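Student: Since the structure of chain A is already known, use the hints to place chain B on it.
Note that the protein sequences, when read in sequence, are chains A and B.
Numbering-wise, the numbering used here comes out as the position in the first sequence, counting from 1, plus 1.
Numbering-wise, the numbering used here comes out as the position in the second sequence, counting from 1, plus 54.
Worth flagging that the hints you see were computed from the coordinates, not collected in a lab.
A quick note: this is a predicted structure, and the numbers were derived from the prediction, not measured.
Warning: the hint list may mix true and false statements.
[As the list claims (entries may be wrong)] Straight line, CA to CA, 30 Å or less: simulated DSSO-like cross-link-like pairs of lysine-lysine:
| id | chain 1 | residue 1 | chain 2 | residue 2 |
| --- | --- | --- | --- | --- |
| 1 | B | K113 | A | K196 |
| 2 | B | K109 | A | K196 |
| 3 | B | K174 | A | K196 |
| 4 | A | K86 | A | K69 |
| 5 | A | K69 | B | K210 |
| 6 | B | K109 | A | K193 |
| 7 | B | K109 | A | K173 |
| 8 | B | K210 | B | K157 |
| 9 | B | K114 | A | K196 |
| 10 | B | K67 | B | K110 |
| 11 | A | K58 | B | K204 |
| 12 | B | K210 | B | K144 |
| 13 | A | K86 | B | K67 |
| 14 | B | K210 | A | K196 |
| 15 | B | K67 | B | K109 |
| 16 | B | K172 | B | K113 |
| 17 | A | K196 | B | K110 |
| 18 | B | K110 | B | K172 |
| 19 | A | K173 | B | K210 |
| 20 | B | K172 | B | K157 |
| 21 | A | K196 | B | K144 |
| 22 | A | K69 | B | K172 |
| 23 | B | K157 | A | K173 |
| 24 | B | K210 | B | K109 |
| 25 | A | K182 | B | K204 |
| 26 | A | K105 | A | K69 |
| 27 | B | K144 | B | K157 |
| 28 | B | K174 | A | K131 |
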Amino acid sequence: MAKRDIPEINAGSMADIAFLLLIFFLVATTMDVDTGITRLLPPMPEQEEEKEQVDVKERNVLVVLINKDDQLMVEGQIMDLASLKETTIEFFSNPNDETHLPEKEMETIEFPPGQTARFSDGMAQIRVSKGVVSLQNDRSTTYGKYLQVQNELVAAINELRNQFAIQNFGRKYDDLNPLNKIDEGIINGINKVYKMNISEAEPKNIGGVR
Amino acid sequence: MPKFIKKKEAGIKAINTASLPDIVFMLLFFFMVVTVLRETEVQVSVALPSASQVKKLEKKSLVSYVYIGRPIRQLQALYGIEPIIQLNDKLISEEGIPSESIKDFILFEREKLDEADKNKMTVSLRIDQNIPMGKVTDVKQALRMANALKINYSAKKIYEKLNR
Numbered sequence: 002m003a004k005r006d007i008p009e010i011n012a013g014s015m016a017d018i019a020f021l022l023l024i025f026f027l028v029a030t031t032m033d034v035d036t037g038i039t040r041l042l043p044p045m046p047e048q049e050e051e052k053e054q055v056d057v058k059e060r061n062v063l064v065v066l067i068n069k070d071d072q073l074m075v076e077g078q079i080m081d082l083a084s085l086k087e088t089t090i091e092f093f094s095n096p097n098d099e100t101h102l103p104e105k106e107m108e109t110i111e112f113p114p115g116q117t118a119r120f121s122d123g124m125a126q127i128r129v130s131k132g133v134v135s136l137q138n139d140r141s142t143t144y145g146k147y148l149q150v151q152n153e154l155v156a157a158i159n160e161l162r163n164q165f166a167i168q169n170f171g172r173k174y175d176d177l178n179p180l181n182k183i184d185e186g187i188i189n190g191i192n193k194v195y196k197m198n199i200s201e202a203e204p205k206n207i208g209g210v211r
Numbered sequence: 055m056p057k058f059i060k061k062k063e064a065g066i067k068a069i070n071t072a073s074l075p076d077i078v079f080m081l082l083f084f085f086m087v088v089t090v091l092r093e094t095e096v097q098v099s100v101a102l103p104s105a106s107q108v109k110k111l112e113k114k115s116l117v118s119y120v121y122i123g124r125p126i127r128q129l130q131a132l133y134g135i136e137p138i139i140q141l142n143d144k145l146i147s148e149e150g151i152p153s154e155s156i157k158d159f160i161l162f163e164r165e166k167l168d169e170a171d172k173n174k175m176t177v178s179l180r181i182d183q184n185i186p187m188g189k190v191t192d193v194k195q196a197l198r199m200a201n202a203l204k205i206n207y208s209a210k211k212i213y214e215k216l217n218r
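Next comes chain A alone, as it looks inside the complex:
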């Protein structure tokens, strides 16, 4: 076969084309990941049926109010946001079993067996707090303040869970991987020891005047 000269393709414009595409994707890209505080809303109560209120002892409730001027009141006292976390931690842990802080109830909680000496058989008898945080806000409270308060409450519970995880499993709660079978068991167990008990009052003026 005769040797034929294949003309070289001019690749000089290749960079230009690639640049064009690159700039398009640069502009179209959104890099931000959506982050936020996840919550589960309570289901809507059935009409008429579940009218009866659940009676909760006063000592088991931490009343958190936010008024229309974004001021915070906890258990009848004005408080600033910085001390809310501390108060909530004390409320849920009640380390000295004081009578004005919530009661505790013995519960059997399941953990993956063999993880720690304390619950080597997987069953743990733990005194779980019966405390509930009751969060109420005005219609004129700003959303930013409301979320800050929510954030402090979540922070308090996360800290308690962290403490428990370090004490018993030598690891932080945040470092447990929910995709791992054993870790998932530990997470589920800890979530039962320190429940995310934040209750929000039913809005009183549904469909009422603005």
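Tutor: Structure of chain B alone, referenced to chain A:
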């Protein structure tokens, strides 16, 4: 002096740009892979609040967005400056409690998901931090009525101060 002149005469060799396309392609592929094309155009201005305990929202296909904020400046002539609600890409301009529109929206979004994922649907609330809670409560009640209970208060991540 002649030395210098000589050097100048030799000229600067052209930089070899043969690898430039390769580099650019590499960048291009990176951006192509990480790109999530914008699906909705946000028509309300939302300054998200910040919080320290935020978690990443997994599985974007299961998430629907509810925005609450004031209309952006271009739309203020049309919608005024009062806070309004946007559901994914649709503005709802009606007055009062928008429970019907939200209910329809949730049903429509849920219909798009697989049977197995229907109860995993999450509603991300992207709400401006200066919006009064009244509006937010209305939306939350509407979501409860539509049985969309998994919600996410969208917030920016900040790190806790160490001197706490």
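Student: If a hint holds in the structure, say so; if it doesn't, say that too.
Tutor: Results for each hint:
no.: 1; hint: K113(B) x K196(A); in the structure: holds, 25 Å
no.: 2; hint: K109(B) x K196(A); in the structure: holds, 18 Å
no.: 3; hint: K174(B) x K196(A); in the structure: holds, 21 Å
no.: 4; hint: K86(A) x K69(A); in the structure: holds, 21 Å
no.: 5; hint: K69(A) x K210(B); in the structure: holds, 24 Å
no.: 6; hint: K109(B) x K193(A); in the structure: holds, 20 Å
no.: 7; hint: K109(B) x K173(A); in the structure: holds, 16 Å
no.: 8; hint: K210(B) x K157(B); in the structure: holds, 28 Å
no.: 9; hint: K114(B) x K196(A); in the structure: holds, 27 Å
no.: 10; hint: K67(B) x K110(B); in the structure: violated, 51 Å
no.: 11; hint: K58(A) x K204(B); in the structure: holds, 29 Å
no.: 12; hint: K210(B) x K144(B); in the structure: holds, 24 Å
no.: 13; hint: K86(A) x K67(B); in the structure: violated, 67 Å
no.: 14; hint: K210(B) x K196(A); in the structure: holds, 25 Å
no.: 15; hint: K67(B) x K109(B); in the structure: violated, 54 Å
no.: 16; hint: K172(B) x K113(B); in the structure: holds, 13 Å
no.: 17; hint: K196(A) x K110(B); in the structure: holds, 21 Å
no.: 18; hint: K110(B) x K172(B); in the structure: holds, 20 Å
no.: 19; hint: K173(A) x K210(B); in the structure: holds, 23 Å
no.: 20; hint: K172(B) x K157(B); in the structure: holds, 15 Å
no.: 21; hint: K196(A) x K144(B); in the structure: violated, 37 Å
no.: 22; hint: K69(A) x K172(B); in the structure: violated, 37 Å
no.: 23; hint: K157(B) x K173(A); in the structure: violated, 40 Å
no.: 24; hint: K210(B) x K109(B); in the structure: holds, 10 Å
no.: 25; hint: K182(A) x K204(B); in the structure: holds, 24 Å
no.: 26; hint: K105(A) x K69(A); in the structure: violated, 34 Å
no.: 27; hint: K144(B) x K157(B); in the structure: holds, 14 Å
no.: 28; hint: K174(B) x K131(A); in the structure: holds, 28 Å
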